[in-house]
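The listed protein sequences derive, respectively, from chains P and V.
For the first sequence, the working numbering begins at 346 and goes up steadily by one.
For the second sequence, the working numbering begins at 176 and goes up steadily by one.
Be aware that one or more of the hints could be misleading.
[To be verified] Here are the computed distance ranges between Cβ atoms for each label pair:
#, chain 1, residue 1, chain 2, residue 2, range
1, V, 233, P, 586, 49 to 59 Å
2, P, 705, V, 552, 24 to 34 Å
3, P, 644, V, 471, 17 to 27 Å
4, V, 528, P, 419, 49 to 59 Å
5, P, 627, V, 552, 16 to 26 Å
6, P, 705, V, 561, 53 to 63 Å
Think of the hints as simulated: they come from the structure by calculation, not from any bench.
For each residue, glycine too, the CB sits at the ideal point set by N, CA and C.
If you want the building blocks of each chain, they are given just below.
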Amino acid sequence: MHIFGYRLKCLARDREMVFWTLIFPLILATMFHFAFDQLMGRQETFRPIRAAVVGSDAYRQNVAFRQALDALSGPGEGQLIELTVTDDREARRLLEEGAISGVITVDDPIGLTVSQSGIEQSILKSILDEYAHTYATITGILEEHPTDPAGLLREIGQVRTYTQQISFSSAEPNTTLNFFYALIAMTCLYGGFWGLRNTTDMQADLSPQGARRSVAPTHKFGVVLYDSAAALTINLAEVTVLLAYLMLVLRVKFGNQVWYVLLTCLAGCIAGVSFGAFIGTFARKSEGVKTAILSASSMTMSFLAGMMMVNMKDIIARKAPILSYINPAALITDAFYSLYIFEGHRRFFLNIALLLLISLAICILSFLRLRRDRYASL
Amino acid sequence: MQVFRAYFKVMRASAGAIAIYVAIFLGLSVAFSFAEGPQETGDFAQTRTPIAVICRDGDAPLAQGLTDYLADTSRIVPYPDNPEKLQDALFFRNVEYIAIIPAGFSADFLSGLDCAVQKVTVPGSISSRYVDMRIDKYLRTARLRHQYGGDQSQEELAVAVRADLAQETPVTVLPSSTANGSERGFVFYYRYFAYAVLATIMMGVSSIMMAFNKPDLARRNLCAPIPARSRSMQLAAGHTIFALGCWSVLVLFSFVLYGRSLLSSGLVWLYCLNTLAFTIVSASIGFLVGSSVKSVGAQAGAVNVIANAMSFIGGVFVPQSILSKQVLDVGRFLPAYWYVKANDAISRLSRPTTSALRPIYGDVLIQLAFAAAIFATTLLLTKERQAE
């Protein structure tokens, strides 16, 4: 037990490591929060499109079109466009400066001038198309069956919608959550730095501490176990701090199943620490190289789990499904995701089970490697 | 000249750490530029929202007609009728709209019952409005044709509706601009430029400063027969050449990647001006970091935190248009904010006019003012420390 205690102290005093495994994720979380806070709100939410219409004689005379535009630009819930009536040159200037998305010119047919392609321009075109289409429908019907023109016009005036919002899950599909989930995964994997440090301090050829501990009369399995437990405790504490920060300060949503979330963290930390130990025992290189391998690989895994690009995780899941089953970061992220979005726990437990399986496998490998260590001279 | 020569010897020693940022940035840029696909110029390209259509109404002509119409106007991504898969698709925005035509929809619709296409979307999003418009348009037209167009079979109705919806509004694209405007690759390149140049120069300049500020080394240099002014000037010359070198590598690479479209946009000199201003800012920050930190670990921490924080809050990683007002208010105190602001303004220009250029010059001047302020602060700090 005292091995555990001293190991804990020893690790926690490594300031630089605490910075990278705790402070750095906290800072990143804050950055993510500021950056993505309104990502959903701003980027995707519909805002009325700014457009100009050239106030020519043709425009003034086309009462039906003017009414249609007025209806679309009236303030309120259904407002689609924000309209400026102006002359040709001014409209052109506004367009060139990027102040408006398009210029509508009433001619035969009604035309649109834009400076680039994009969704706003497409919606403008779609609005004009709709006018033309309705016009085509009315003239078509009146030509073929001019029985009830008044009723037809009344029907056109009625705006009906034929879509109904439903949802597969009670959770809002907020893509930005994945960034935070992947960040926790990264922090779990950064636990590997502690695991790596453990193996360095245990192997006699790597550090003086290792030499000293090798001649100590404690069973090696016990030492490994206590060391790993200490690393795990620290890592788990760090992840919990991060989690608390995300949940309580930044109000990131994890669903309502706190115990399952903590279970994910624990499994993630186990994977992280054992991964570090694995690199520590198998990569027989200098400390710097090992650290580089560890940080590069945990970054790559977090990248593949979607920490930098949100749809990365999904791309991998569809294009190379094997990768998403063996990448601990993807498993952790997916566990959080499935807790948040799905009612059932099938997918969640699949993730956790795979995660523990991978950890177990690399732990056994590392220990097998460690226990064969015999030194000719110390 | 000794100092100047020593400068580049030290630089060579830390070249690896410096090159890493440039290499990552360039690698990602290449990947992005390939992912971008062929450039369409001159013609208007209607946005096609990726959607999934699940038709549970068998092969009823009206439902089929709606599906065909959506296929023509959106990009249909084939998905099976499986809620878990569809949920994943929407969460990761492989599709932005899932339309489900319920069983018996066509029959209900034609007999005048209340019925609707079910949709799963990101509530209130711009793309959901866009697809809503399409579905409503199709069904409204169908309703009109059905009620007032006389007797006709479902097939005839579907054909008539499609004929009504065939007309297209003519769209003119301003001749002076390329069709994909702010989505052009080099716009992204020059936005991320800020991160690359900041991280690289900060790393390089601070490494040198740390080397020359090592107490023993600094003391030895102090009693060397070389005037302090000359030493500082040589260091400054070294910083300038290093910073300009980084800048020109990154600018040249943008020519390699985006050559023709960049040159034909007529905005190259503006981008150069803006990036140059930010390069100077980066050098000043590197100068500050180099004279404040002592260990390599602290340096790596400082470089990472400053570069990331500045890029996130200033709007490099996430466009300023979608940052919240509070963040932007904080961002105003960071030079990266003004860099991105100018960069965005440049990208929106289709033709540089005097009135449009004035705010851009303003942003560039603000960046230079930041650089001057940071340099002055650093000099003051070092002076004080020497006095101790």
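Structure-based check of all given hints:
{"no.": "1", "hint": "V/233 x P/586: 49 to 59 Å", "in the structure": "holds, 56 Å"}
{"no.": "2", "hint": "P/705 x V/552: 24 to 34 Å", "in the structure": "violated, 54 Å"}
{"no.": "3", "hint": "P/644 x V/471: 17 to 27 Å", "in the structure": "holds, 19 Å"}
{"no.": "4", "hint": "V/528 x P/419: 49 to 59 Å", "in the structure": "violated, 33 Å"}
{"no.": "5", "hint": "P/627 x V/552: 16 to 26 Å", "in the structure": "violated, 48 Å"}
{"no.": "6", "hint": "P/705 x V/561: 53 to 63 Å", "in the structure": "holds, 58 Å"}
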